[in-house]
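A.B. asks: Join the two chains into one complex using the hints; note that each chain is given alone, in its own frame.
Order-wise, the sequence lines are chains A and B.
Just so it is clear: in the first sequence, position 120 is 120 by this note's numbering, and no numbers are missing.
Just so it is clear: in the second sequence, position 78 is 78 by this note's numbering, and no numbers are missing.
Please note that the accuracy of each hint is not assured.
Said to hold, decoys possible - Taking lysine-lysine and the DSS-like style, the derived pairs with C-alpha atoms no more than 25 Å apart in a straight line are: (1) A:K70 x B:K80; (2) B:K48 x A:K38; (3) A:K12 x A:K73; (4) A:K12 x A:K72; (5) A:K70 x A:K12.
Stated by the list, open to error - Facing chain A, from chain B, some residues (calculated, C-beta under 10 Å): (6) L78; (7) P84; (8) W104.
Hints are computed from structural coordinates only; laboratory data are not their basis.
In this text the structure is predicted, and so the values were computed from the model without any measurement.
Ideal Cβ placement from N, Cα and C applies to all residues, glycine included.
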Amino acid sequence: MVLIRIKPAAVKETRWYQYAIRFLLGGAITALAGIIAKEAGPVFGGLFLAFPAIFPAGATLIESHVQEEKQKKDEPGTRLARQAAGVDAIGASMGSVGLMLFSFWTWRFLPRENTAIVLIAATIIWFTASVLIWFTRRHLRIPLKWGER
Amino acid sequence: MLRFLIGGVMVSAFAVIGDLFEPKSFAGIFGAAPSVALATLALTISSKGRDYAAMELRSTILGAIAFLFYAYAVGWMLMKRHPPVLSVCLGFIVIWLAVAIGGWALWLR
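Chain B extracted, bound-state conformation (with noise of 0.2 Å):
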C-alpha cells in the first residue's frame, strides 16, 4: 500500500510539472521521467540494500532503451496517420515489451 501510494504521489508529481510547459515537445520529456524508479529505489534501498536496488538498476537501462523505440514508434504513428491516441499507446506497448524483454533474454538473464 505504501509502494502504491508512493509510486501514485511520485508519478503525479512528475506529470504536472510536465503539463506546465508548452511547447508539447519538451513536455514529453516529463513523460519519461524517473518517477516509478525514484519511488521503487526510495523503499527498494530501504528493505533490501544499495547492491540489491543498483541490480535493477541495471536492467532500467534496457526498459529506458525499450522506452525509446515505444515513444519514438508512437510519435511517428500518430504523427503520420493519425490513429485515436489511447489504441496507439497501448496497442504499441507490445514493441516496448519485446525490447525489454528480448533484451533481457538475449543479455541479462
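With the rest of the complex left out, here is chain A (with noise of 0.2 Å):
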C-alpha cells in the first residue's frame, strides 16, 4: 500500500494569482518579524518567525481545489473541503512539532557551530521528526478523530 504520493498535476491545477497571494504573504511576515524584532528586540520577535501567516492561503487552496472537483462532477463539496483543509491543519500541528525541534537545534548549535551546517541539520530534524509523527500516526492506526482523508 503506497501512503503516501506525488501529484504533479496539483501544481498546475494553483492558479498564479494563489501563488502571488502566498509569495506576498510570505514577503510580508518576514518582513513584518524583521520589523518586530528591530522595534521589540530579537526575544520578541522571534516569536514570529513561526507566525501561521501562510497557513490560511493553503487551506483555502484546499477547500477551492477541492470543491472544484466535487462541482466538476455534480456533487455537493462544500463539506467535503472545509474537512480536507481541516486534515491539512492536523498535518500542520504535526509539522509545527518539528518547528520546535528546528528552533530547539538551532538555537543550541547556531552560536558556537558552522552556520550552513547547522541549518541544513535543522531543516532535516524539521522534516524527519514531522514525517516520524506522521508515520506514527498511521502505524498507530490512530485515527484523525472527526473523520479521516
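C.D. replies: Below is the structure:
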C-alpha cells in the first residue's frame, strides 16, 4: 500500500494569483518579523518566525481545489472541502512539532557551530521529526478523530 | 525589500513542495515548514551575528508551540463543525497570539 503519493498535476491546478498571494504573504511576514525584532528586540521578534501567516492561504487553496473537483462531478463538496482543509491543519500541527525541534537545535548550536551545517541539519530534523510523527500516527492507526482523508 | 523577496521565495517554495503531496494530512506538514525562520536567519546572521539569531530562535520554540495549538484547533473546528475555512484560519489567529504572547510574558520577558 502506498501511503504517500506525489501528484505533480497539483501544481498546475494552482492559479497564478494563488502563487502570488502566498509570495506576498510570505514576504510580508518575513519583513514584519524583521521590523518587530528591530523595534521590540529579538526575544519578542523571534516568536513571529513561527507565525502562521501562510497557513490560511494554503488551507483556502485546498478548500477551493476540493470544491472545484466536486463541482465538476456535480456533487456537493463544501463540507468535504472544509474537512480536507481541517486534515491539512492537523498535518500542520505535526509539522509544528518539527518546527519546535528545528528552533531548539538552531538555538543551541548556531552560536558555536558552522552556520550552514546547523541550518541544513535543523531543516532535516524538522522534516524527519514531522514525517516520523505522521507515520507513527498512521502505524498506530490513530484516527483523525473527526473524520479521515 | 530584500527580506521581503527572500521571504516570499522561501515560503512559496515550501508551499509548492507541500502541494505536490497526497494525502492532505502529510502535505499539511509543509504548512509548518521553517520557511520564514530560514529566510530571516540568513539575513539576521549576516547583519547582527549568530548570537542575536540564536536568541530569536529560542523564542521561535514558543512560537511553534503556539502554532501547534492554533493548527490543532483549526483542524478540530473544520472537521467537526465545517465553517468557512478562511474565517476559522483568520479568527483562530487569536489562539496563536494568546499562547505566544502569553508564554513570552510568563517565561521570556
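A.B. asks: Run every hint past the structure and note whether it holds.
C.D. replies: Hint-by-hint comparison with the structure:
Taking the CA atoms of K70 of chain A and K80 of chain B, the gap is near 20 Å; set against the 25 Å cutoff, the hint holds. Among the hinted pairs, K48 of chain B with K38 of chain A is consistent with the structure: their alpha-carbon atoms are about 11 Å apart, no more than 25 Å. Our distance criterion of 25 Å between C-alpha atoms is met by K12 of chain A and K73 of chain A, whose separation comes to about 19 Å. A hinted pair counts as satisfied when its Cα atoms are at most 25 Å apart, and K12 of chain A with K72 of chain A qualifies at roughly 17 Å.
For a cut-off of 25 Å, the pair hint linking K70 of chain A to K12 of chain A stands: about 18 Å separates their Cα positions. At about 3 Å, the closest approach between the beta carbon of L78 of chain B and any beta carbon in chain A falls short of 10 Å, and the interface hint on this residue holds. A hinted interface residue such as P84 of chain B counts as satisfied when its beta carbon comes closer than 10 Å to some beta carbon of chain A; here the least separation is about 7 Å, so the hint holds. Checking W104 of chain B against chain A: minimum C-beta separation of about 6 Å stays under 10 Å; hint holds.
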